[in-house]
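Trainee: Just so you know, the sequences run in chain order R and S. Take the first sequence: its letter number 79 is residue 79 in the working numbering, and every next letter is one higher. Take the second sequence: its letter number 199 is residue 1199 in the working numbering, and every next letter is one higher.
The hints are simulated quantities; they were obtained by calculation from the structure and are not laboratory data. Do not rely on the hints blindly, as some may be mistaken.
[Said to hold, decoys possible] Taking lysine-lysine pairs in the DSSO-like style, the calculated list, with each CA pair at most 30 Å apart, reads:
{"no.": "1", "chain 1": "S", "residue 1": "K1106", "chain 2": "S", "residue 2": "K1169"}
{"no.": "2", "chain 1": "S", "residue 1": "K1169", "chain 2": "S", "residue 2": "K1401"}
{"no.": "3", "chain 1": "S", "residue 1": "K1169", "chain 2": "S", "residue 2": "K1130"}
{"no.": "4", "chain 1": "R", "residue 1": "K83", "chain 2": "S", "residue 2": "K1130"}
{"no.": "5", "chain 1": "S", "residue 1": "K1151", "chain 2": "S", "residue 2": "K1401"}
{"no.": "6", "chain 1": "R", "residue 1": "K83", "chain 2": "S", "residue 2": "K1151"}
{"no.": "7", "chain 1": "S", "residue 1": "K1106", "chain 2": "S", "residue 2": "K1401"}
{"no.": "8", "chain 1": "S", "residue 1": "K1106", "chain 2": "R", "residue 2": "K156"}
{"no.": "9", "chain 1": "S", "residue 1": "K1106", "chain 2": "S", "residue 2": "K1179"}
{"no.": "10", "chain 1": "R", "residue 1": "K156", "chain 2": "S", "residue 2": "K1308"}
{"no.": "11", "chain 1": "S", "residue 1": "K1151", "chain 2": "R", "residue 2": "K81"}
{"no.": "12", "chain 1": "R", "residue 1": "K81", "chain 2": "S", "residue 2": "K1130"}
{"no.": "13", "chain 1": "S", "residue 1": "K1195", "chain 2": "R", "residue 2": "K81"}
{"no.": "14", "chain 1": "S", "residue 1": "K1106", "chain 2": "S", "residue 2": "K1308"}
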Amino acid sequence: MVQRIRSAPPRYWLVAVAVLFFAGFPTVATSFQASQWAQVLILAIAIMGLNILVGYSGQISLGHGAFMALGAYVSAVLTHKYKVDVLATIPIAGLVTGLIGFLFGIPALRLSALYLALATFALAVVTPSLIKRPVELTGGVQGILITQPDPPQLAKDAFATVTGTPMTSDQWIYYVTFAFAVVLFWLAWNLVRHRPGRAMRAIRDGEVAAAASGVNVAGYKTLAFGISALYAGVAGALFALATGFVSPDTFPVALSIQLLVGAVIGGLASIPGPLLGAIFAYFLPIESNQWVPAQTWIPSQIAATVVKAGPAVSYGAVLILIMIFAPNGIVGLANAGYTRLRRRLRGAADRESGHVPPDPQTV
Amino acid sequence: MTRIGSRLAALGAALMTLVACGGSATPTAQTDVGVTSNSILLGNTIAQSGTAAAYGTIANAENAYFTYINNQGGVNGRKITFKILDDAYNPAQTVPLTKQLVEQDKVFAMFSGLGTQAQTSVRDYLNTQKVPQLFVATGATTFMADEALHKYTIGWQPPYQGEARIYAKDVIANHPNAKIGILYQNDDYGQDYLKGLTDGLGSNTSMIVDKESYDVTAANVTTQLVKLKASGADTIFLFSTPGFTIPALITITALHWTPANIYLNSVSNPQVYMGIAKSKGAALANVTSVGYIKDPTDPQWANDAGMKLYKTVIANCSTCNVLDGFNIYGVAVAYTMVDVLKQAGSNMTRANVANIATSGLNETNNPFLLPGVVVKTTPSDHFPITQEQVITWNGSGWTLKGSLIDERGTIK
């Protein structure tokens, strides 16, 4: 056991640090910051789903906001109308959305990349209007308010013992989100390391070659769509819970774009990528909109224009920078930096003798 | 083993730090959060980017009025700080931004938050936290009518339903044989208007020959207008937002259609919008609307004391267009806010301020409103403004017609 821990590659330590960080975060931060980071984790789950679809199976989706909307509404309607416990609705929302996503994946098979992007984009555009129609069910434009649950007594007591202050419902929702995020990230990690992940990557890199090697192309492509939608559905349900309110305007087209930008910035086809991408996708528009006007050196006219254009400006700028300097996202950048560092540290002697150390095993 | 030992020790130390820090983050309970002996902090969320960015100037105009008041020494010696955050008209952003203002910035009250869905999404939260949600910038009836459940929430502008009832009165009185066609936005905003008109028409609802709706995401409303024309309607109601009203007015003319009457809702009637429609070929014949605020482009107010004050105030905002109707709206509602704070005097608690705003207002001297308009609330009536006056378009501006019509008490 000790031997295994000793020989664990550094990424395992990173995972442990990340999990401990997220587990301990609400005990040091304010309830408001916990609610912000809950939103980050929710985005991370949705982006992870998109990452499985785009990064691993090579299909583009500009409509994942629509799947989030579906998950959110399944959860909200069950909670509000049928009085189902809100926590129980989250996996249900995931499964329903996953099923719909799987079905959507079947016609998607016939579309090549560009047309698939358009079809999913249309889904994102039409969803807010569709939600408005069955007023009885969805509350129409008024949306549905969800009462945020109080933390259970056990969690309350445990939290109070650690921090000395009672747990707020925002903090409880943070931990619920965190639990889902851990499970879903672990599942994704397992998925991409094993047969389905290899099959998806094979399809992404060469559909004909994959088919020739006996990979069920249609099956894995629709599976990727289904799993991806499941992630988005769970994220949507958590989003409804964390926001306490769903309405058609909660899921604009911009949300789908935000998810895709997050996936690209973080790094496609990587497991930590979605988390990093989510941090950027969440904080970038908020911080830049508050930061830009506060800078006295930026002429007020430019600042006003930037603020007026909203998150699009900061997204655009960062996206361009990332594409130029780190085409594989933050994770790609970190990997490249780490490899260089290792070479430099242990390679001095090797370089003299002309011996190049083998690349570390990558997953 | 030593390596692992040291790593674990480091982790343990980090965890201990986490735990230790946690103990100190105790929130301090205070009844007058956001108020000190020389300052009052107010918060606001509004669309300053995205599709509804045109509204964003309202908050800047409100800030201009607070600056004006601060330059005169503030309210009872307290200067007002106004923190504006952009929610891009998306309720999902309103929630975290409002939480930020309440929990992190510790505002005393939220003032003039914009958007029906956006403000609905935080109404329960703010009432649970007992943070006043004052004078929300929406005419949705629910913000005034559902006061019993939300003691800390109040609207300001006339409810859309009341406005539509005034149109109903005007139609019945002046055009009893009208065949009514309605274009409305398919959301709470358009439906509120539709309900008001239908209720106001009462037994005359058979006058409505056709109603067509469009979604906010629609590209244009041409199809709907063609249908309305084909239905034989001669009196058109436009319950739309300016972005759709302007093209609708142009399209009506392009269809070689001259309805006997066009009723335009108050949201769409600022002269700036009429000017755009006119410049693009809209005939603008027989157009009727209502107003309750002085129009900065109307020459009849050129020497009016209120209008002069408005121009002095708005000079404090470098990005504000003095002729924009949204700006005088912002200044007028800020005037009421300052009035409430003055009335609260030394009792600057959230409960007291919310109570004055929702049940104890009687402002007869707001200089930016039409003469005679009263901003009033009582323990049993939570509709601050209910009076409006019918106005007709004279080709270059609005002419006030008749006298103020009061819908107080008709909307429940």
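Trainee: Each hint: holds or not?
Mentor: Evaluation of the provided hints:
no., hint, in the structure
1, S:K1106 to S:K1169, "violated (46 Å)"
2, S:K1169 to S:K1401, "holds (14 Å)"
3, S:K1169 to S:K1130, "violated (39 Å)"
4, R:K83 to S:K1130, "holds (27 Å)"
5, S:K1151 to S:K1401, "violated (37 Å)"
6, R:K83 to S:K1151, "holds (26 Å)"
7, S:K1106 to S:K1401, "violated (46 Å)"
8, S:K1106 to R:K156, "holds (25 Å)"
9, S:K1106 to S:K1179, "violated (54 Å)"
10, R:K156 to S:K1308, "violated (58 Å)"
11, S:K1151 to R:K81, "holds (26 Å)"
12, R:K81 to S:K1130, "holds (27 Å)"
13, S:K1195 to R:K81, "holds (25 Å)"
14, S:K1106 to S:K1308, "violated (35 Å)"
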